[in-house]
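J.: For reference, the chains in residue letters:
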Amino acid sequence: MPDLSINFAGIKSPNPFWLASAPPTNSGYQVMKAFDAGWGGAVWKTLGVPVVNVSSRYGSVNYRDKRMIGFNNIELISDRPLADNLREIEEVKKYFPNHAVIASLMVQSRAEWHQIVRDVTNAGSDGIELNFGCPHGMCERGMGSAVGQEPEVLRTIVEWVMEVAQIPVIVKLTPNISDITEPARAARLGGADAISLINTIQSIVGVDLDKFAPYPIVDGKGTNGGYCGPAVKPIALNMIKNCAQDPEVRLPISGIGGIENWRDAVEHILLGASSVQVCTAAMHFGFGIIREMTAGLEQYMTEKGFHTIYDMVGKALPNVLHWEELNLKYKVTANIHEDKCIGCQLCYTACEDGAHQAIALREGTRVPEIIEENCVGCNLCSLVCPVENCITMERTDSGTEHLTWKERTEAETIPTTFNDDRAGGLHHWVPEPTAALGKEKHKTLPGKARQLGNPAPATDVVNES
Amino acid sequence: MAEYLPPTTEQEFHANFAQIKPRMNNTEALYESSRCLFCFDAPCIKACPTGIDIPQFIRQINTGNVTGAALTIYEANYFGNACGKVCPTEVLCEGACVYNLQDVKPIEIGRLQSFATRQVIESDRKLFGPGLTNGRKVAVIGAGPAGISCACELRALGYEVDVFEARSQPSGLTVYGVAPYKITNEEVLAEMAYLQAQFGYRVQYNSPITTREDLQALEEAYDAIFLGIGLGKTNALLLPGEERENCVGAVEFIEQLRQHHHRVAVGRKVIVLGGGNTAMDAASESSRLGAENVILAYRRGKEEMGAYDFEYDLAKSVGVKGLFNVAPVEIVGNGKVEGVKFIRTATVDGQVQIVPGSEFVEPCDMVIKATGQAKQTHFLSYIPGLQVDSKGRVVADAYTGQTTNPKYFASGDARNGGAEVVNAAAEAKVAARGIHTYLTSTN
Ligand SMILES: Cc1cc2nc3c(=O)[nH]c(=O)nc-3n(C[C@H](O)[C@H](O)[C@H](O)COP(=O)(O)OP(=O)(O)OC[C@H]3O[C@@H](n4cnc5c(N)ncnc54)[C@H](O)[C@@H]3O)c2cc1C
Ligand SMILES: Cc1cc2nc3c(=O)[nH]c(=O)nc-3n(C[C@H](O)[C@H](O)[C@H](O)COP(=O)(O)O)c2cc1C
Ligand code: SF4
Ligand code: SF4
Ligand code: SF4
Numbered sequence: 001m002p003d004l005s006i007n008f009a010g011i012k013s014p015n016p017f018w019l020a021s022a023p024p025t026n027s028g029y030q031v032m033k034a035f036d037a038g039w040g041g042a043v044w045k046t047l048g049v050p051v052v053n054v055s056s057r058y059g060s061v062n063y064r065d066k067r068m069i070g071f072n073n074i075e076l077i078s079d080r081p082l083a084d085n086l087r088e089i090e091e092v093k094k095y096f097p098n099h100a101v102i103a104s105l106m107v108q109s110r111a112e113w114h115q116i117v118r119d120v121t122n123a124g125s126d127g128i129e130l131n132f133g134c135p136h137g138m139c140e141r142g143m144g145s146a147v148g149q150e151p152e153v154l155r156t157i158v159e160w161v162m163e164v165a166q167i168p169v170i171v172k173l174t175p176n177i178s179d180i181t182e183p184a185r186a187a188r189l190g191g192a193d194a195i196s197l198i199n200t201i202q203s204i205v206g207v208d209l210d211k212f213a214p215y216p217i218v219d220g221k222g223t224n225g226g227y228c229g230p231a232v233k234p235i236a237l238n239m240i241k242n243c244a245q246d247p248e249v250r251l252p253i254s255g256i257g258g259i260e261n262w263r264d265a266v267e268h269i270l271l272g273a274s275s276v277q278v279c280t281a282a283m284h285f286g287f288g289i290i291r292e293m294t295a296g297l298e299q300y301m302t303e304k305g306f307h308t309i310y311d312m313v314g315k316a317l318p319n320v321l322h323w324e325e326l327n328l329k330y331k332v333t334a335n336i337h338e339d340k341c342i343g344c345q346l347c348y349t350a351c352e353d354g355a356h357q358a359i360a361l362r363e364g365t366r367v368p369e370i371i372e373e374n375c376v377g378c379n380l381c382s383l384v385c386p387v388e389n390c391i392t393m394e395r396t397d398s399g400t401e402h403l404t405w406k407e408r409t410e411a412e413t414i415p416t417t418f419n420d421d422r423a424g425g426l427h428h429w430v431p432e433p434t435a436a437l438g439k440e441k442h443k444t445l446p447g448k449a450r451q452l453g454n455p456a457p458a459t460d461v462v463n464e465s
Numbered sequence: 001m002a003e004y005l006p007p008t009t010e011q012e013f014h015a016n017f018a019q020i021k022p023r024m025n026n027t028e029a030l031y032e033s034s035r036c037l038f039c040f041d042a043p044c045i046k047a048c049p050t051g052i053d054i055p056q057f058i059r060q061i062n063t064g065n066v067t068g069a070a071l072t073i074y075e076a077n078y079f080g081n082a083c084g085k086v087c088p089t090e091v092l093c094e095g096a097c098v099y100n101l102q103d104v105k106p107i108e109i110g111r112l113q114s115f116a117t118r119q120v121i122e123s124d125r126k127l128f129g130p131g132l133t134n135g136r137k138v139a140v141i142g143a144g145p146a147g148i149s150c151a152c153e154l155r156a157l158g159y160e161v162d163v164f165e166a167r168s169q170p171s172g173l174t175v176y177g178v179a180p181y182k183i184t185n186e187e188v189l190a191e192m193a194y195l196q197a198q199f200g201y202r203v204q205y206n207s208p209i210t211t212r213e214d215l216q217a218l219e220e221a222y223d224a225i226f227l228g229i230g231l232g233k234t235n236a237l238l239l240p241g242e243e244r245e246n247c248v249g250a251v252e253f254i255e256q257l258r259q260h261h262h263r264v265a266v267g268r269k270v271i272v273l274g275g276g277n278t279a280m281d282a283a284s285e286s287s288r289l290g291a292e293n294v295i296l297a298y299r300r301g302k303e304e305m306g307a308y309d310f311e312y313d314l315a316k317s318v319g320v321k322g323l324f325n326v327a328p329v330e331i332v333g334n335g336k337v338e339g340v341k342f343i344r345t346a347t348v349d350g351q352v353q354i355v356p357g358s359e360f361v362e363p364c365d366m367v368i369k370a371t372g373q374a375k376q377t378h379f380l381s382y383i384p385g386l387q388v389d390s391k392g393r394v395v396a397d398a399y400t401g402q403t404t405n406p407k408y409f410a411s412g413d414a415r416n417g418g419a420e421v422v423n424a425a426a427e428a429k430v431a432a433r434g435i436h437t438y439l440t441s442t443n
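Going line by line, the protein sequences match chains A and B. Counting in the working numbering, the final residue of the first sequence is number 465, and the numbers go up one at a time with none missing. Counting in the working numbering, the final residue of the second sequence is number 443, and the numbers go up one at a time with none missing.
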């Protein structure tokens, strides 16, 4: 049985799954319910000077039949009285002494920071998370992402906090910045014990086509909000990798962003996170999803022979290189497995219109054929193919050569200006442009409808109201 | 063994004849449309006789453009809603869907099609209108799928169109023949009303064209005449006892059923003669009307039946029993039907042969003959120069629908000998184009 427990920068937790600071951690009632369900920790909904929230405050990106593939909010920090929150933190710790309760904080002045850090420590918090991420509402008041985007200011505030902090301090970073490692380094310089990322991404999830207003709509108007949910995982993973690989950051990382199941969590961990935080998935499906997450993680660790979480933290990092370090001599070519093909021909259109015209249609069969000499091995066809393992990318180089862009640059075997004779292009085969016009002749699209001719459109269509 | 109690009210009738392709709700349509792969050169389009751009309309549904989806459907097929419900989609579009090759349920194209078209019908959204009047007139005989489709297309091209229909309602067998669990009368008639409102052709009901004089009048008043007359009554079997009470033709039985619902009486034990789709329908319908025993009697083996497998499965699912390799020799009874005398058969080298001495009587109190529809050869003989083939089908050019009398065009059952609604809709559109070409080139 693998050991799921962690000691994150001094904060102990029975498993690496924490609820992120958000509506699910708004009250003691919810946090106790979550611990009961199996969550290892909770970062309390951010505490600060009282605010007022609007309604509505959430927007969703629905994709085809999937709801909330992306999610955004224009909510502020906790709008409950500070005293209530402190009392409930104390109560939670009484019932769950071994679970992690982390107080998320956001205030302005040095005095306020000192005061609130002491308050939450007295209430029994196991750690503190500084919210430098909120991309709406608070930043306009000089807090949240306004701080996260100014490494110097961030560092100063971390220093203020460290002056009085007796428990571990995590700095939560905003992704609304071009280089995430800058605020991460500033956090370290300020003396923080750990970082967590990402907070939400400034966004507009959609626009109401009838009301001409962005979602969510408040009395006919809207504003940009913070984006999260499954759709942001790729951005989070990249930022986590950046921080984990930066020699000047070297802090424990709590990974956040798009985690909905054990696989997402493992990905965060393999790129360097040693605890993970979940918000949208818990808001979407409730606390019960933790059962699938812990069970999946446990199964994975058992199968891979990992005994503790730390056996896997950052395991994928050595394989994440800079582009210039990748092997240019490695070649793959698409290969269609005819027995699996269902003849949708999505690969054909994708390669024809979106790649390198390396797939041909054949008379008498709907199974397309790869034109090997044109295939650059881009992978597009295998990504669009709806049948599992129907298009595989097969290695076609000899496996003996290895050459990187970096090596070529150093050996000066590549052009660096247009005036270089060698800059003549890579001789990709491209059909004559006029050939594109001939296509419809041997295809039947868009069907017999066109052959038969369409009826005249309404001549006197009136604007129905 | 009866699964259904005889319905005594309209509600009970609708319960027994519940729609096998019920209407989708918005969520169902969203989920189902999400699955479509948007295949290139999609096989579903090719399998549709009217060539509806299926991936296009499915994607339109998925993006919330249901009106656009209906437009895509109607551009190709004026019986868009009816076809979505009555087409044998299992062997047409849905049968061709690439998901079948992955052993995944194909996209429910038919139901999605009806989802989109019903929404515009109900909202009465104007999608089409007549073309600019070109001063020419065409008479259409028969307001079935062929006649109405032809009328729509001709109106779109600017012709003045008068439709002459023998009965009191439009849509032909769609409302008089198709099984009630496939489509309801209200639904059919709503689509008819919608089309007529869009295109503005005129229909004269209860106006059979029966004589040479009737035809002559049309020939004088119109520039071309379209024959969308379908087929006729059930073929006679020419068996002794066929005249007995409760021995009825399937077409006539179903017509009664479609018009009078639960007020149609059915026997306790019914024998349906035949192995085609109409036989399957008649058997299913008898069972749903509360018959205790329904036997489908066919002169060859099960595999040789003309009906689609799914139609036979549907009949079996409501308790219909098969009796194979038997040929009826007499309808027995005393005034009323009391049974059918059969003789066993064997198929030798593809030929049905009787087994001498194997006669037996299967008792029943109703016989439904689903043994094919007669052709209207007598009526057709009034049209000078009009050729019909040896099976009584109107001979017409495949690309124009023009008959051997250049003024007459034909399509639908009358020409193809009996197929589906979708074939009539597709062929009538071709014929309308043929009429247009004919009338614009002879001038
Ligand atoms: C029992 C049964 C079940 C069927 N089930 C299905 C099904 O589930 N799905 C499917 O797709 N197809 C089904 N079909 C077939 C389908 O109904 C026909 O293929 C289709 O209706 C043919 O259309 P049509 O316009 O050619 O002829 P019809 O629908 O027969 O229309 C002909 C019209 O012309 C009128 N008419 C005829 N002669 C004259 C005249 N001299 N003067 C004026 N009017 C005249 C008739 O009253 C009728 O309204 C079924 C057929 C039958 C018999
Ligand atoms: C494979 C790929 C290659 C791209 N290459 C370029 C590029 O060379 N130059 C550029 O300006 N944008 C490039 N883009 C970005 C696109 O132009 C576009 O800005 C981006 O994909 C967002 O648009 P979309 O998601 O709506 O397609 C590329 C995008 C993709 C997917
Ligand atoms: S995308 Fe896959 S299934 Fe579709 S045609 Fe190509 S290889 Fe076949
Ligand atoms: S890998 Fe790329 S270039 Fe090769 S066939 Fe597939 S889509 Fe075309
Ligand atoms: S074949 Fe099926 S998946 Fe492909 S376009 Fe048609 S309905 Fe969609």
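Among the hints, erroneous ones may be present.
In silico DSS-like pairs for lysine-lysine, Cα to Cα no more than 27 Å straight-line [unchecked claim]: (1) Lys12(A) with Lys304(A); (2) Lys21(B) with Lys340(A); (3) Lys66(A) with Lys137(B).
Computed list of chain B residues with no C-beta within reach of chain A, every gap over 12 Å [what the hints assert, rightly or not]: (4) Thr27; (5) Arg35; (6) Pro55; (7) Thr63; (8) Asn100; (9) Glu220; (10) Pro240; (11) Asn293; (12) Lys302; (13) Thr345; (14) Gln353; (15) Ile354; (16) Ser358; (17) Thr371; (18) Gly372.
Derived by calculation from the structure, the hints in this document are not laboratory data. Just so you know, even glycine gets a beta-carbon here, dropped at the ideal spot from N, CA and C.
J.: Over 12 Å from every CB of chain A: does Pro240(B) meet that, or does the non-interface label fail?
T.: 49 Å, holds
J.: Take a quick look at Ile354(B) and tell me if its Cβ sits farther than 12 Å from every Cβ on chain A, holds or violated.
T.: 45 Å, holds
J.: Would you assess whether Thr63(B), listed as outside the interface, keeps its beta-carbon beyond 12 Å of every beta-carbon in chain A?
T.: 9 Å, violated
J.: Does Ser358(B) clear chain A by more than 12 Å, comparing its Cβ with all Cβ atoms of that chain?
T.: 48 Å, holds
J.: With d taken as the least Cβ-Cβ distance between Thr27(B) and chain A, does d exceed 12 Å?
T.: Thr27(B) not clear of chain A: closest Cβ-Cβ about 9 Å, inside 12 Å.
J.: Checking one constraint from the list: CA of Lys21(B) to CA of Lys340(A), max 27 Å. Satisfied?
T.: 31 Å, violated
J.: Would Lys302(B) pass as off the interface with chain A, using Cβ distances and a cut of 12 Å?
T.: Given that every Cβ of chain A is farther than 12 Å from that of Lys302(B), nearest at about 31 Å, it holds.
J.: Holds or violated: Lys12(A) and Lys304(A), Cα atoms, limit 27 Å.
T.: Holds, at roughly 24 Å.
J.: Checking a non-interface call: every C-beta of chain A should be farther than 12 Å from the C-beta of Thr371(B). Is that right?
T.: 34 Å, holds
J.: So Gln353(B) supposedly isn't at the interface. Is its beta-carbon more than 12 Å from every beta-carbon in chain A?
T.: 40 Å, holds
J.: In terms of Cβ atoms, is chain A entirely out of 12 Å range of Asn293(B)?
T.: 44 Å, holds
J.: Given the proposed pairing of Lys66(A) with Lys137(B), does the C-alpha separation stay at or below 27 Å?
T.: Violated: Lys66(A) and Lys137(B) sit about 53 Å apart, past 27 Å.
Comparing the model with each numbered hint stated earlier shows that hints 2, 3, 4, 5, 6, 7 and 8 do not hold.
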